[in-house]
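My request is simple: use the sequences and hints to build the entire structure.
As they're listed, the protein sequences go chains F and G. So for the first sequence, our numbering puts the first residue at 1; every next one is plus one. So for the second sequence, our numbering puts the first residue at 1; every next one is plus one.
Everything labelled a hint here was simulated from the structure, so no lab data went into it. No incorrect hints appear here.
Using 27 Å as the maximum straight-line C-alpha spacing, the simulated BS3-like pairs for lysine-lysine come out as follows:
(1) K107(G) - K68(G)
(2) K68(G) - K191(F)
(3) K140(F) - K248(G)
(4) K191(F) - K272(G)
(5) K272(G) - K140(F)
(6) K272(G) - K146(F)
(7) K171(G) - K197(G)
(8) K191(G) - K191(F)
(9) K68(F) - K107(F)
(10) K248(F) - K171(F)
(11) K272(F) - K191(G)
(12) K248(F) - K191(G)
2 protein chains.
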Amino acid sequence: MAGSPETGFQGKRSLKAIMSPSDENPRRKRAANTGPKGLGHFDPSGRQTLADQIYEQLHHEITQLVLKPGTPILEREIATRFDASRTPVREAVLRLAREMLVEVLPKSGTFVARIPLSALPEALVARRAIECDLVARAAKLASPAKILRLRAIIEEGREAAASGSQAEFDKTDSAFHAEIAAISGYPGLWKLVLQVKTPTDRFRHMVLPVADRMQQVVSEHEGIADAIERGDAVEAAECMESHLNQLKTDTLHTIERHPEYFVYDIDLDSLKCE
Amino acid sequence: MAGSPETGFQGKRSLKAIMSPSDENPRRKRAANTGPKGLGHFDPSGRQTLADQIYEQLHHEITQLVLKPGTPILEREIATRFDASRTPVREAVLRLAREMLVEVLPKSGTFVARIPLSALPEALVARRAIECDLVARAAKLASPAKILRLRAIIEEGREAAASGSQAEFDKTDSAFHAEIAAISGYPGLWKLVLQVKTPTDRFRHMVLPVADRMQQVVSEHEGIADAIERGDAVEAAECMESHLNQLKTDTLHTIERHPEYFVYDIDLDSLKCE
DNA sequence: CTAGTATATCTTGCATACCAGATAATCAAG
DNA sequence: CTTGATTATCTGGTATGCAAGATATACTAG
Chain F
1 MAGSPETGFQ
11 GKRSLKAIMS
21 PSDENPRRKR
31 AANTGPKGLG
41 HFDPSGRQTL
51 ADQIYEQLHH
61 EITQLVLKPG
71 TPILEREIAT
81 RFDASRTPVR
91 EAVLRLAREM
101 LVEVLPKSGT
111 FVARIPLSAL
121 PEALVARRAI
131 ECDLVARAAK
141 LASPAKILRL
151 RAIIEEGREA
161 AASGSQAEFD
171 KTDSAFHAEI
181 AAISGYPGLW
191 KLVLQVKTPT
201 DRFRHMVLPV
211 ADRMQQVVSE
221 HEGIADAIER
231 GDAVEAAECM
241 ESHLNQLKTD
251 TLHTIERHPE
261 YFVYDIDLDS
271 LKCE
Chain G
1 MAGSPETGFQ
11 GKRSLKAIMS
21 PSDENPRRKR
31 AANTGPKGLG
41 HFDPSGRQTL
51 ADQIYEQLHH
61 EITQLVLKPG
71 TPILEREIAT
81 RFDASRTPVR
91 EAVLRLAREM
101 LVEVLPKSGT
111 FVARIPLSAL
121 PEALVARRAI
131 ECDLVARAAK
141 LASPAKILRL
151 RAIIEEGREA
161 AASGSQAEFD
171 KTDSAFHAEI
181 AAISGYPGLW
191 KLVLQVKTPT
201 DRFRHMVLPV
211 ADRMQQVVSE
221 HEGIADAIER
231 GDAVEAAECM
241 ESHLNQLKTD
251 TLHTIERHPE
261 YFVYDIDLDS
271 LKCE
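Structure follows, in structure tokens:
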């Protein structure tokens, strides 16, 4: 799961606008575009701009820790790498800057950002608050069909775990949580979670790959799905909470192993408590 | 509250990097920038780029409903208005597009976005989930000093309400909720709330200005502050929830009065339930 | 050898120019 | 009058060029 949290708000015109009949001006003058009139012109629009592609690639490389914190980002170099000009690269870099994935020092340089320590507990709190709420709603609303889709996703995850493909597994993990958001009736909130989730994703990739963590996640997902199927909102929320709490494991140890990857904007000790 | 939800991730270099002493190359060649080495170079940096200014202005005008949904955004026109080129304007527009405040139809035009109906309940759910959690934590952590700051903000709100200044009042409202996030120990999560909050802000500006709504909000804020002061987490969360639930009022009525301002991506009826 | 200064050369921010695609006005045909 | 094709013209996406500021190296003075 690497893609952009939100694809933006682009779409294709679908309906012709109404002509304004009376215009005596002999000069051919294009009238102001009247804008989208039709309903539901939301178009996920396979159309992808160059900037989008560059953004996604860089986002992927940064979150997967291919590009390590501190690495310089040369706009010019990226441009040639993608055989494009600086403009779309700059667009992508600016998006990454707003997501705190890169830091840009004006007139100096751009670098892959270190992870602010504060982002880790914040991500935890936010995810718990939102996802526990969503999963509880999902438990009350789930239809058999939806539950089957959930089971299917879990099964994909089991296969990915068996084949040891971390990347593939991560995708199913995202899909699982996104599907719960969808079942709960608020699919749009998943992209909110995606935003806060990013720092923890980067973090996860620097912890030693623990062998059976994937299988453990699969069984936790099953527990959540079971609770949803039973319609047990409280239990579902509790499962989700303990599932998310697993993110805390190895935190301190990992930070000690890669101290140069973090920004110490909060006290290290505050990570221990709670 | 109109400012950008997040200022980005820009900062000034503060520490000189270490020189690499051995470089026999007689040609003057500037070595790659070594990037930020010092800790905590986060610099809110009064420095504001042209694009930032344009973004903030447009953001303000859109959320305050000065620019109504459907209004065309002419990059060229905006550029001349701000006496700048298209480049920074484009930057600003792209940011607005990602926040769903404008829709850009490639090669056709850019328009102030209509409000997706789905965004309203989503904002409610997200805010309840996050802010109820935060206020409960705040209730457990609040120090007398923090509570005084909260009271001060409430008082500012009361004055703004008395003078009937909606804009001023909105600022204090944002400040109140932001302060609670700060007290809870997760100030960064307020910007998350700001994101989902935007559509409801636009919505609020098209409902007839109800006379005493501001005073009512003040007393609700007081109730929340009281609960926090007593350290009653449960009561605080409940107060916050009912406070946020007030956003639902007049929903359907307002939508009927301005049907052209919305995108009907979900069923109207689904707004009634719950 | 050390410390401070000067300068070459990099960087990002902004301005301008160009292009393909989309729209609206006009025209032609039924 | 309606419908479809034509074309001028506008739009956003991209490429390129210039300027101000920041850094690393070379240089100078002690």
